[in-house]
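S.K.: Sequence:
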Amino acid sequence: MAIRKPIVIVEGPKTANLLSVWGDTLTSVRIRDAVGHESDTCTLTFRVSPPFPAMPPRGTRYTVRIGWAQNAMAKVGVYTVQRTGLAGNPDGGHLMTVECRAADLIEKAKSVDSGHWDNTTLGAIVADVAKGLGLKAAVDPKLKGIRIPYRARVNQEAMDFLSDLADDFGAAVKVAGGQIVMTERGAGRTASGGALPGLTIPYA
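In this text, residue positions in the sequence shown follow my numbering: the first is 6, and each later residue adds one.
Source of the hints: derived by calculation from the structure; they are not laboratory data. It is possible that part of the hints are untrue.
[What the hints assert, rightly or not] Straight-line distance between alpha carbons at most 25 Å, and here's what the computed SDA-like set of lysine to any residue pairs gives:
| id | residue 1 | residue 2 |
| --- | --- | --- |
| 1 | Lys-80 | Thr-20 |
| 2 | Lys-115 | Thr-85 |
| 3 | Lys-19 | Pro-62 |
[Stated by the list, open to error] Taking CB as the label site, the calculated pair distances span:
| id | residue 1 | residue 2 | range |
| --- | --- | --- | --- |
| 4 | Pro-56 | Arg-156 | 53 to 61 Å |
| 5 | Asp-133 | Gly-93 | 46 to 54 Å |
| 6 | Val-159 | Ala-129 | 15 to 23 Å |
| 7 | Asp-118 | Gln-87 | 25 to 33 Å |
| 8 | Gly-137 | Pro-95 | 52 to 60 Å |
| 9 | His-99 | Thr-126 | 48 to 56 Å |
| 10 | Arg-152 | His-99 | 52 to 60 Å |
| 11 | Glu-43 | Asn-124 | 31 to 39 Å |
| 12 | Thr-48 | Gln-184 | 22 to 30 Å |
Heads up, the beta-carbon is just placed ideally off N, CA and C, and yes, glycines get one too.
Please construct the entire structure, taking both the sequences and the accompanying hints into account.
M.R.: This is the structure we're talking about:
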């Protein structure tokens with residue numbers, strides 16, 4: 006049985022695939038999927054040696070895609086550089102880390118506001134809050150139609166309010182890809198209601 010080869014592509018501001026530039030100096034690409042107030046993160050780790058390469062400036066944007074060789078690539082997210090670091094010694098070698106945060110407008114989602122909703126649905130409340138932030142909303146169909154007689158938001162950040170709302174109905178909420186996403190916690194579904202595809206890695 007043929008073993009599929011996993012592929013990671015990191016696109017920079019001017020380069021379609023930076024892995025062709027970085028070569029084997031890149032040792033890992035680590036993605037962390039967060040919920041609530043936290044942003045998704047991407048950490049790039051490089052093995053470097055003197056003279057050390059210039060570190061990317063704060064705010065540099067990278068797009069990460071993953072997939073299998075000879076297949077379509079899936080976009081994981083767009084990230085901006087937050088900080089960089091260099092550690093090691095002449096004997097053991099040096100590692101450069103580039104820590105990035107998802108470019109997902111999460112700072113905007115921390116805005117404080119008040120309001121209330123009467124006799125509406127969970128999906129309508131999420132959509133209304135998202136609209137106020139200039140974002141779109143994606144709510145799991147199993148959650149979208151839940152009736153809510155009354156809900157108030159009093160001097161709360163948008164993500165505080167939505168996180169409390171999500172907790173009441175066993176859901177998780179996050180800002181990603183320019184939209185507010187609410188899914189049933191642990192259900193293994195996307196926000197559109199489709200099942201998350203399984204990933205099988207053959208033993209070699």
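S.K.: Each hint should be assessed against the structure and marked as holding or not.
M.R.: Evaluated hints:
The suggested pairing of Lys-80 with Thr-20 holds, with an alpha-carbon distance near 16 Å, which does not exceed 25 Å. Among the hinted pairs, Lys-115 with Thr-85 is consistent with the structure: their alpha-carbon atoms are about 18 Å apart, no more than 25 Å. Restraint check for Lys-19 and Pro-62: satisfied, since their Cα atoms lie roughly 14 Å apart, inside the 25 Å limit. At about 58 Å, the CB distance of Pro-56 to Arg-156 agrees with the hint of 53 to 61 Å.
Our hint of 46 to 54 Å for Asp-133 and Gly-93 holds, since their Cβ atoms are close to 50 Å apart. Taken as a hint, the range 15 to 23 Å holds for the pair Val-159 and Ala-129, whose Cβ atoms sit roughly 19 Å apart. Taking the beta carbon of each, Asp-118 and Gln-87 are about 27 Å apart, inside 25 to 33 Å as hinted. Range check, Gly-137 to Pro-95: Cβ separation about 54 Å, and the 52 to 60 Å hint holds.
The hinted window of 48 to 56 Å between His-99 and Thr-126 holds, with their beta carbons roughly 54 Å apart. Take Arg-152 and His-99: their Cβ atoms lie about 58 Å apart, and the range 52 to 60 Å holds. Distance hint check for Glu-43 and Asn-124: the Cβ-Cβ separation is about 33 Å, which falls inside the suggested range of 31 to 39 Å. For the pair Thr-48 and Gln-184, the beta carbons lie near 24 Å from each other, so the given range of 22 to 30 Å is met.
No hint from the list above goes unmet by this structure.
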